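**Q** Line by line, the protein sequences give chains G and B.
If you read the first sequence in the numbering used here, its first letter stands for residue 58, the second for the next number, and so on.
If you read the second sequence in the numbering used here, its first letter stands for residue 58, the second for the next number, and so on.
No lab work stands behind these hints, which were simulated from the structure alone.
Among the hints, erroneous ones may be present.
Which copy is meant is left open, because identical chains are indistinguishable; a pair holds if it fits in one copy or across any two.
As the list claims (entries may be wrong) - 20 Å max Cα-Cα, derived EDC-like pairs, lysine to aspartate or glutamate:
no.	residue 1	residue 2
1	333	260
2	308	275
3	76	66
4	237	251
5	307	254
6	341	163
7	253	102
8	238	251
In this text, all values refer to a predicted model and were calculated from it rather than measured experimentally.
The lines below spell out each chain.
Number of protein chains: 2
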Amino acid sequence: MGIIMKGTEVARAMKEQLKQETEQLRAQGVFPQLTIMRVGARPDDLAYERGARKRMELVGIECNVVELPEQISRQELEEAVRKVNGDPKVHGILLFRPLPPHLNEEAVIHLVDPAKDVDGMNPENIAKVFSGDDSGFAPCTPQAVIRMLEYYGIELQGKRVTVIGRSMVVGKPLSMLLLKKHATVTICHTRTVDLKETCRNAEILIAAAGSARMVTEEMAGTGAVVVDVGINVDPSGQLCGDVDFDAVEKKASYVSPVPGGVGSVTSSVLAEHVIKAAKMAAGKRA
Amino acid sequence: MGIIMKGTEVARAMKEQLKQETEQLRAQGVFPQLTIMRVGARPDDLAYERGARKRMELVGIECNVVELPEQISRQELEEAVRKVNGDPKVHGILLFRPLPPHLNEEAVIHLVDPAKDVDGMNPENIAKVFSGDDSGFAPCTPQAVIRMLEYYGIELQGKRVTVIGRSMVVGKPLSMLLLKKHATVTICHTRTVDLKETCRNAEILIAAAGSARMVTEEMAGTGAVVVDVGINVDPSGQLCGDVDFDAVEKKASYVSPVPGGVGSVTSSVLAEHVIKAAKMAAGKRA
Chain G
58 MGIIMKGTEV ARAMKEQLKQ ETEQLRAQGV FPQLTIMRVG ARPDDLAYER
108 GARKRMELVG IECNVVELPE QISRQELEEA VRKVNGDPKV HGILLFRPLP
158 PHLNEEAVIH LVDPAKDVDG MNPENIAKVF SGDDSGFAPC TPQAVIRMLE
208 YYGIELQGKR VTVIGRSMVV GKPLSMLLLK KHATVTICHT RTVDLKETCR
258 NAEILIAAAG SARMVTEEMA GTGAVVVDVG INVDPSGQLC GDVDFDAVEK
308 KASYVSPVPG GVGSVTSSVL AEHVIKAAKM AAGKRA
Chain B
58 MGIIMKGTEV ARAMKEQLKQ ETEQLRAQGV FPQLTIMRVG ARPDDLAYER
108 GARKRMELVG IECNVVELPE QISRQELEEA VRKVNGDPKV HGILLFRPLP
158 PHLNEEAVIH LVDPAKDVDG MNPENIAKVF SGDDSGFAPC TPQAVIRMLE
208 YYGIELQGKR VTVIGRSMVV GKPLSMLLLK KHATVTICHT RTVDLKETCR
258 NAEILIAAAG SARMVTEEMA GTGAVVVDVG INVDPSGQLC GDVDFDAVEK
308 KASYVSPVPG GVGSVTSSVL AEHVIKAAKM AAGKRA
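Let's have the full structure, built from the sequences with the hints guiding it.
**A** Pasting the structure below:
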């Protein structure tokens, strides 16, 4: 029976640390602030927004939301982003994606000031994550996986880590963060031929495939650490991850559930990034 | 006995294609041009420069060299780069690295216009390689590995490919190019614990470790494809790769030598990139 890696516990531990840091900043006259930019009102975005606002409040970060109409033109959106970029009170910007299809996402991601780009969407930050430069921002979800592994004391150096998924929001940046921690990283995906064998060989298996319960018992090595980054809805309408939790839990040494796993850590990483951005901005002014 | 993958053969095949393309461009009034920017006179740079000039001439690309003094200030170097950026006759810029230590490489790599950055050093291009966006430029050496595998008809999709090395000039961008070809990629490095086993498990093994003859016979799987990206000088002063060629050649199905392997393809990729840049520039003006 594997130990269940609870996202809420990781978030609780992070909260204390983050609160201390915002207190220190306030004592220096710096009031960390996040602006969420939301185009339209997708239920996913609204759900994440509620969680993020609550988390920011808990750790002492001001959070405001710029609501933009779904039909907003590219020029208007760019203008709105520029305005927040230029506001010295705002340290972090979270622009929900995907944007409505009529907007040129490519142009907009260039617009967010890299120094405020707390979810790592600007190419400057993407390049930094790729090169292992800590001065930038990684996307929050892969960073949340790292925080979870750290909290549970799981050593990464020299370990065989297999990542299922090669997206730019999880698989690829996560692989780079793991490489920076000196793991030996294997990246699998839909075209991988011997997925079962490759996964079973991993000491740490991270599923970010976006496919409900695709990691079966036989894909997990005995005693492996299994982290589930998937968020899916199964045919019966139930929220579930990429891992068949009940089956894998028997074999793994550690396993993260969905819900209540990595997803519960993401907004804490967002807060961490806003604080980092606030510190960098304060350092520049000093 | 493995088939020897000869870089000169790959380069010869590429030459015909590249010549055709420059002829077509000239017929449209576009004269592809590369500017090499060299600070000081490191022997490595001079050797590469000679090869690159010759290759450009062979395929119909104009090539000129901006020689800059080793003691050049950062301001002067930035000014020199800006001048070439702004010259519409120049389609590609190759700035040799490493730069002398007194220069801020980080600032300079941002200066090279991404559209002329034919060796993929600008963060815009790094981010594109990472995300699998073909519109940018990868560094020439990893792209040369791909060209070599293509020339020898080696299928990558679904294959277990192990890359030894995680540098930003070879290992990491190469891993992304392989992933884009749908290989299952494992990245090894100095902290990898079970290097032997991980390498032996690979159907395609690529050595970019920078360590003379470190890939021994027992690290190569029987029938594996082994590509050597290393350029080292052994204790007896002889040029050699990362692979113990004589030993591995007996076991591998394909193996690339050093010298005469990947290194002989790099300047052809550079030419390919200059032509791509010239086409993009012509397309923009049209």
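**Q** Please name the hints from earlier in the document that this structure breaks, with their numbers sorted from lowest to highest.
**A** When the structure is compared with the hints, numbers 1, 7 turn out to be violated.
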